[in-house]
Amino acid sequence: MEERLYDLIFIVRPATPEDEIKKVVSSVEHACTEKGGKIEKAEHWGTRKLAYKVAKHREGMYYYHQIRTNHGELITELERRLRVQDSVIKYMTIRLDEDLKRQKKLTDKREKRAARRPRRPAATPAPAAPVAAAPAPEQQAAS
Amino acid sequence: MAEEQKQGQTAPAAAPRAEGAPSGAPSGGHGGGHSGHGGQGGHSGPPRREGGREGGPRREGGPGGGPGGPRRGKRQYFRKKKVCKFCVEKMDLIDYKRADILSQFVQERGKILPRRMTGVCARHQRWLGVAIKRARNIALLPFAGSAAGSTAPKAVEAPKS
Chain A
0 MEERLYDLIF IVRPATPEDE IKKVVSSVEH ACTEKGGKIE KAEHWGTRKL
50 AYKVAKHREG MYYYHQIRTN HGELITELER RLRVQDSVIK YMTIRLDEDL
100 KRQKKLTDKR EKRAARRPRR PAATPAPAAP VAAAPAPEQQ AAS
Chain B
0 MAEEQKQGQT APAAAPRAEG APSGAPSGGH GGGHSGHGGQ GGHSGPPRRE
50 GGREGGPRRE GGPGGGPGGP RRGKRQYFRK KKVCKFCVEK MDLIDYKRAD
100 ILSQFVQERG KILPRRMTGV CARHQRWLGV AIKRARNIAL LPFAGSAAGS
150 TAPKAVEAPK S
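Chains as they are written, first to last, in numbering that gives the first Met the number 0: chain A, 0 to 142; chain B, 0 to 160.
Just chain A, same shape as in the assembly (with noise of 0.2 Å):
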């Protein structure tokens, strides 16, 4: 099976002891490396207003983690284990890679077009138009 990306988000309890956090984080690092899969990036977005209330919060702690892995299984992991953690408060996984193939296959086809058909210069006196068509209405509108 070919590698997939994953986008992990979890949101943790915005009063959470330091402690606790690292926890949460090197349990999922280690449940990822367990399970062989890899972590692409790891971000701390810090406290963020939340949209709507969460578990009585408005606040919580963004953590971020990009995962690259080829079993399934570990993602299942992952949410097992943040959903039995009582600070964190939301989590959510996406699966990445089949948009960011789509978008790699869109950049390309635009890339080739590019290159085979240059831009024609665009000599068009486009901004003549719109200064012409705005006095008459002024004076319409100052009446």
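Treat each hint with caution, since some may be false.
[What the hints assert, rightly or not] When the alpha-carbon atoms are kept at most 30 Å apart in a straight line, the in silico DSSO-like pairs for lysine-lysine are as follows:
| no. | chain 1 | residue 1 | chain 2 | residue 2 |
| --- | --- | --- | --- | --- |
| 1 | B | Lys89 | A | Lys34 |
| 2 | A | Lys34 | A | Lys111 |
| 3 | B | Lys96 | A | Lys21 |
| 4 | B | Lys89 | A | Lys100 |
| 5 | A | Lys104 | B | Lys89 |
| 6 | A | Lys52 | B | Lys89 |
| 7 | A | Lys48 | B | Lys132 |
| 8 | B | Lys89 | A | Lys55 |
| 9 | A | Lys103 | B | Lys89 |
| 10 | A | Lys40 | B | Lys89 |
| 11 | A | Lys89 | B | Lys110 |
[Unchecked claim] Examples of chain B residues toward chain A, derived with CB under 7 Å:
| no. | residue |
| --- | --- |
| 12 | Ile137 |
| 13 | Leu140 |
| 14 | Pro141 |
Read the hints as simulated data drawn from the structure, not as lab findings.
Glycine included, every Cβ here is placed at the ideal spot set by N, Cα and C.
Using the hints provided, position chain B relative to the given structure of chain A.
Coordinates of chain B only, in the frame set by chain A:
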């Protein structure tokens, strides 16, 4: 024509004045309603319009011509040629994590704005919908109606008064 446009755009900001003036009320109020939505979504009305006018002929069969056709209505409105923002910026992927971009395409209460208001092309609107829904899932954007939680009460009541 252009002046009318401007009037329409400034109307939401100066709403009380437009309501007070008896002559300007019917047309100005209507126009304000229309472009008020657009402004909410994109808040870059004037530049986009001009970009559309100038960029129109230059683009060769681009996917996002946008529904810039004639508007329905009694008087002929300004027909603003809207151009898909994502096509202009050549975005092939709409990232659900960019709540700042996505929030331009939802109403205050979190509803996804229709294409006819934002001018987004069909393909990008499809991706945009997915991205917005993902963002809602992880509390980056509100679900429709539940914006009342943190900030909305102020924001919603302000225009009414």
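Query raised in the report: Given Pro141(B) was flagged as interface, is its beta-carbon under 7 Å from a beta-carbon of chain A?
Result: Holds. Min distance 4 Å.
Query raised in the report: When you check the alpha-carbon spacing of Lys89(A) and Lys110(B), does it fall within 30 Å?
Result: holds (22 Å)
Query - Proposed proximity, Lys132(B) with Lys48(A) (alpha carbon, max 30 Å) - result: holds (18 Å)
Query raised in the report: Has the given pair, Lys40(A) with Lys89(B), been kept, meaning a C-alpha gap of at most 30 Å?
Result: holds (25 Å)
Query raised in the report: Given the hinted pair Lys96(B) and Lys21(A), is their alpha-carbon gap at most 30 Å?
Result: holds (23 Å)
Query raised in the report: Are the Cα positions of Lys104(A) and Lys89(B) separated by 30 Å at most?
Result: holds (13 Å)
Query raised in the report: Are Lys89(B) and Lys55(A) close enough, with their CA atoms no more than 30 Å apart?
Result: violated (40 Å)
Report task. Please verify that hint: Ile137(B), Cβ, nearest Cβ of chain A, below 7 Å or not. Result -> holds (5 Å)
Query - Hinted pair Lys103(A) and Lys89(B), Cα distance within 30 Å - result: Holds: Lys103(A) and Lys89(B) sit about 12 Å apart, inside 30 Å.
Report task. Quickly compare the C-alpha distance for Lys89(B) and Lys34(A) to 30 Å and report which way the hint goes. Result -> Violated - the C-alpha atoms of Lys34(A) and Lys89(B) are around 37 Å apart, more than 30 Å.
Requested in this report: With chain A as the partner, please determine if Leu140(B) meets the hint condition of a C-beta pair closer than 7 Å.
Outcome: For Leu140(B), the interface hint holds, since the closest Cβ of chain A sits about 5 Å away, which is under 7 Å.
**Report entry** 30 Å Cα cutoff - pair Lys52(A), Lys89(B)
**Finding:** Violated, at roughly 35 Å.
The structure is inconsistent with the numbered hints 1, 2, 6, 8, although it conforms to all the rest.
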